[in-house]
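K.L.:
Position chain B relative to chain A; hints supplied.
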Amino acid sequence: MENIITVKNLIKKYDGFELDNISFQIPAGSVVGLIGENGAGKSTVIKSVLGLTPIERGEIEVLGHNVKAGEKECGWREQIGVVFDECNFPYGLKVKNIRNIMGKIYQTWDSTKFTDYINRFELPPGKKVKDLSKGMKMKLSIAMALSHDSRVLILDEATSGLDPVVRNEILDIFREFIEDGEHSVLLSSHITSDIEKIADYIMLIHKGQLLLMENKDELLYHYAIVRCTKEQAELIPKDIIVGMEKNAFETSVLIKDKKRLKDSSFYKEAEQGKENGVALDRASIEDLLLYNKLASGHGLYQD
Amino acid sequence: MKGLILKDLYLLKSYGKQYILIFGAMFIYAMIMRSASFAVIYFVLMGSTAVLSSMSMDEAVSFHKFALTMPISLSTIIRSKYILFLITIGVGIIVGLLIKLFLFLVPFGMEDSFGREGFAATITVFVLSNSISMPAMFKLGVEKARYINICAMLAVAGLLVLSVAMGEKTGFSVNKIEEIFSANVFVVLCTVLSIISLAISYLVTVKIAKNKEW
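Chains as they are written, first to last, in full-length UniProt numbering: chain A, 1 to 303; chain B, 1 to 214.
Careful: at least some of the hints might be erroneous.
Think about it this way: if two alpha-carbon atoms lie no more than 30 Å apart in a straight line, the pair counts; the simulated DSS-like pairs of lysine-lysine are [said to hold, decoys possible]: (1) B/Lys-144 with A/Lys-128; (2) B/Lys-210 with A/Lys-8; (3) A/Lys-13 with B/Lys-144; (4) B/Lys-212 with A/Lys-130; (5) B/Lys-2 with A/Lys-96; (6) A/Lys-230 with A/Lys-256; (7) A/Lys-130 with A/Lys-104; (8) B/Lys-2 with A/Lys-72; (9) B/Lys-17 with A/Lys-130; (10) A/Lys-197 with A/Lys-134; (11) A/Lys-258 with A/Lys-207; (12) A/Lys-256 with A/Lys-293; (13) B/Lys-17 with A/Lys-104; (14) A/Lys-259 with A/Lys-197; (15) A/Lys-130 with A/Lys-42; (16) B/Lys-17 with B/Lys-144; (17) B/Lys-210 with A/Lys-68; (18) B/Lys-2 with A/Lys-130; (19) A/Lys-262 with A/Lys-230; (20) B/Lys-65 with B/Lys-210; (21) B/Lys-2 with A/Lys-127; (22) A/Lys-42 with A/Lys-293; (23) A/Lys-256 with A/Lys-216; (24) B/Lys-17 with A/Lys-96; (25) A/Lys-8 with A/Lys-256; (26) A/Lys-42 with B/Lys-207; (27) A/Lys-13 with B/Lys-207; (28) A/Lys-258 with A/Lys-42; (29) A/Lys-216 with A/Lys-259; (30) B/Lys-2 with A/Lys-113; (31) B/Lys-212 with A/Lys-42; (32) A/Lys-130 with B/Lys-139; (33) A/Lys-94 with B/Lys-65.
What the hints contain is simulated information worked out from the structure, not anything from laboratory work.
Chain A with its partners taken away, still in its complex shape (with noise of 0.2 Å):
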């Protein structure tokens, strides 16, 4: 399968924060999702793809363009689509003013596609972007990206600050642009269950380190929450630990591996002790960034 995105050992430094060796790549067809905490690097990933901020090392890619921060080429961004946080057009502008603007700075914009978007999000055109509703200039960005060329967009927390079913029409326009397999999505964001609903492969980042680049399903279908006590947690095979959360009453283990755990001694020695049943529950994106969380805490990355 042809990669939209590869990354190679990308290195970033601020004071105090570091992007540290990420490598990855975006498949085509394919909706990849971002998840990490607030300050983990995910907005730092991104700018870096977009070759809006110097790198100390590494090599960036995007459809076969090697990226580079400053850099004179800007072709090849012809082919994408981006959508930050905030609407980026200035609020003075008007709805149909952006059609001729972007008009003149794409070559390959499509008017009519832009002026359809606009009329399935009852964007009216007449309106300036400082009167449109947060949804309203969100959904306006996303009929930007995707009324040009765009092969991939990359989506830098487009969906936060949007109420659920604003976020459920962005999410299925997603879907319907990778249906053909040749078009690719990076969605970074903190709320999971869109990433849940959406991705294909989940990339999860925690401090600047990528800590895990899998499969959603696989990921899904593999990993589980075992809850039990503090004594039957001891029981787990250590190298199949993501996370774990204790309380009084019981402890939540985030495990990498149900198959292993089912074939391991480990049902069979909690069984033996005189304590309450092991539960083992379906963990979620959500949980995997939580436990995560709580790994990096509790020095579980210390092999």
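P.N.:
Frame of chain A, contents of chain B only:
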């Protein structure tokens, strides 16, 4: 480039009513003061600072970060602002000249001491101050650039006044300069100085913005 300039013109147009009101009020004020020079200076000043207003509207929504995700290079974004400056100061100059013409045709008995030299010197002061503030606009943001613009304007104008005063003392008076340079030569000198300062300013801005985090 065309798209960016079109965007700036739409934005300035969206504030068209305010501009017309300010122009009208200042024109009336100039008539009350019986000073055509005031009106001319004011309109050129308005034209020269319009780029700061446009930049401020862009900055409020991080438009340049967004524009850099489009098929537009950084130098094109910067160039578009310099072209916008030339357009708006050009409009300011034309309006100023029209007012001079109007006051010449309609006898209001207004003072009009502004010859070609005065007009050229005024434009040069505004071009020089913008040449200094435009790199600052990209490096430090619009708000600081506004202060820098005002300081640069005062500094350039102050330097000019100081030079004239010094010249008078040393026997190199304005009259003597006028004997050496004709008005036309002075205008050409001002134009050359303006072009050089804008070119240097553009190159400095491109260099500064290259390493900027967007």
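K.L.:
So which of the earlier hints does this model not fit?
P.N.:
none
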